[in-house]
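Hey, can you work out the whole structure from these sequences and the hints?
Number 341 marks the last residue of the sequence shown (UniProt numbering); no jumps.
Be a bit skeptical, because a hint or two may be false.
Heads up, simulated EDC-like pairs for lysine to aspartate or glutamate below, C-alpha to C-alpha not over 20 Å straight-line [to be verified]:
1) K28 <-> E5
2) K97 <-> E323
3) K277 <-> E300
4) K53 <-> E76
5) K115 <-> E198
6) K63 <-> E76
7) K287 <-> E320
8) K171 <-> D242
9) K74 <-> E57
10) K11 <-> E23
11) K115 <-> E323
12) K272 <-> E300
13) K283 <-> E300
14) K74 <-> E7
15) K56 <-> E7
16) K4 <-> E57
17) K283 <-> D242
18) K19 <-> E7
19) K275 <-> E300
20) K115 <-> D200
21) K171 <-> D312
22) K337 <-> E300
23) K225 <-> D31
Quick caveat, the hints were computed from the structure, so don't treat them as lab data. Because the structure is a prediction, the values reported are computed rather than measured.
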Amino acid sequence: MLYKEIEKALKNVIIIDNKNIVESGWVKKIDLLNNEIRIYLSLSNPTMHIKNKLIKEINRSIKNQNILDTIRIKIEIKSETKIKPGIKNIIAVASGKGGVGKSTVATNIAVSLVKMGFYVGLLDADIYGPSIPLMFNLKEESVNLQQHKNGILNPITSYGVKIISIGFFSKYGQAIVWRGPMVTKVLRQFMYETNWGELDFLIVDLPPGTGDIHLSLLQEISLFKLKGIVIVSTSQKIALSDVNRSVGMFRIQSIYVPILGIIENMSYVLSKKTKEKYYFFGKNGVKDFSKEMNLFFLGEIPMLQTIREYSDLGIPIVLENKEIRNLFINITKNIIKQIKL
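Laid out in structure tokens, this is it:
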């Protein structure tokens with residue numbers, strides 16, 4: 001109801017040619033977060049005068065709509081960015097701690113989207129520890145920069161997913177010892193200078209933790225193309241304490257990115273004999289955390305030996321195990337629902 005009232009108020013803000021800012025496509029997102037409404041607009045090279053005028057008109061229109069005084073209004077106006085026009089949606093996959101299966105989850109979400117009929121790309125942003133080439137059985141593949149005109153990179157396709165990774169430019173297992181500016185430069189190239197073509201979804205596998213790389217990458221990705229973050233964690237308290245820091249970073253006002261939800265990975269081990277579930281990392285830890293932090297719980301993935309075995313072989317588990325495939329398909333559907341396509 002509140003969302004519709006806000007949208008109605010925005011339709012009363014008229015710009016050129018008697019069009020309102022909703023009809024013109026200027027309004028990119030409306031997020032409702034607790035007692036705060038965040039409105040994101042995108043304009044081509046907006047001047048400070050235009051920004052101030054828009055903010056004034058939007059606040060006036062919302063006030064006239066008699067929306068509760070307890071609701072805070074935050075308006076953010078940005079210039080259009082140069083993200084490839086063929087990429088419709090960008091989803092980043094993050095984790096507070098390494099070793100929780102983030103890349104495995106990102107891989108299987110990407111392949112699940114392909115199974116659902118979407119065109120999908122996967123950007124491996126974990127420069128210091130690229131796992132994606134191994135996940136797709138591409139660890140011996142390489143991209144020769146000399147073969148590409150105008151510096152445009154051609155991604156490698158595996159299982160229907162277009163993939164770019166620093167692992168394609170170095171020997172398998174070779175350490176990448178770069179400072180932050182170099183990492184940022186490479187990530188910019190992966191984002192802007194890769195021949196992605198037409199994609200329904202670009203999945204970005206972020207490095208674990210929080211830091212300069214995350215800040216730089218989130219600033220590079222257009223806020224209006226980045227639909228949000230999917231967080232992966234186990235129920236272990238140590239893992240969740242790091243996730244708590246990640247959530248805090250994504251919700252910082254200056255870099256605010258919507259969190260689409262959280263996935264509990266390695267949730268339980270299922271006894272083959274009794275079918276009883278054993279929760280090695282604790283029961284419902286992620287689910288309880290999601291309620292506490294007001295996050296959508298996207299689903300849970302069990303700890304199975306076959307997931308590890310197929311990952312090591314470079315075969316996404318969703319291609320081989322019907323039960324796990326259904327779990328990932330349901331999680332992927334939940335993600336799509338959250339971004340409101």
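In ascending order, which of the hints set out earlier in this document are inconsistent with the structure? 2, 7, 8
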